[in-house]
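Q: Sequence:
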Amino acid sequence: MKNKTLIALLLSIMATGCNAKSSEFYVGEITGPTILKEFKSFAKHKDDISYSTADLAPLRAVATPVEVKVFFGEWCHDSVREVPRLISLFEQVNNQNIKPTFYALDTAKSDPKDEAIKHSIRKTPTVIVYKDGTELGRFLEFPKTDWANDIAQLIKSAGD
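FYI, in mature numbering (1 follows the signal peptide of the UniProt record, and there is no 0) the residues of the sequence shown are -20 to -1, 1 to 140.
I should point out that these hints are in silico values taken from the structure, not numbers from a laboratory. Be aware that a few hints might be false.
Simulated restraints on C-beta separations [said to hold, decoys possible]:
no. : residue 1 : residue 2 : range
1   : Asp94     : Ser32     : 38 to 44 Å
2   : Ser32     : Gly113    : 30 to 36 Å
3   : Leu120    : Asp28     : 18 to 24 Å
Positions of the beta carbon are idealized from the N, C-alpha and C atoms, including for glycine.
Take these sequences, add in the hints, and give me the full structure.
A: In structure tokens, the structure reads:
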């Protein structure tokens, strides 16, 4: 009986420790520049990919508002690699009609405003493109070809 109690106590302590680790990560809406400033592991991937003027042209030409929601985890290796590349892309495109919003999630893939739940987030990063409030499509963990082309194709398919 003593052993069962001891095992239960140890499991409880270990579970609490796992939950505590989750709170070590930033959770909530955050800007691209803040991500690069505060998350050092992200900053080193900002310049991993360079886009040509031709690559950027379709996104620079977007004439109607588009929203891009990026859900990621500071703890997620795919997010560490891909989110800085997205931030760099949006900076290079510099189109006021493309509005990126970044949501940092905890290890349970949740956030204080339940945005991850509202958008059925299961993997990180998840990038969702919206036009006129309608989801055009989403990318899970990484692009199909590259971020510039993939996002441009989604927007083009919606008639912009």
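Q: Next step is simple, just say for each hint if it's right about the structure.
A: Hints, verified against the model:
1. At about 39 Å, the CB distance of Asp94 to Ser32 agrees with the hint of 38 to 44 Å.
2. Distance hint check for Ser32 and Gly113: the Cβ-Cβ separation is about 32 Å, which falls inside the suggested range of 30 to 36 Å.
3. In this structure the supplied range 18 to 24 Å holds for Leu120 paired with Asp28, their Cβ-Cβ distance being about 19 Å.
When the structure is compared with the earlier hints, no violation turns up for any of them.
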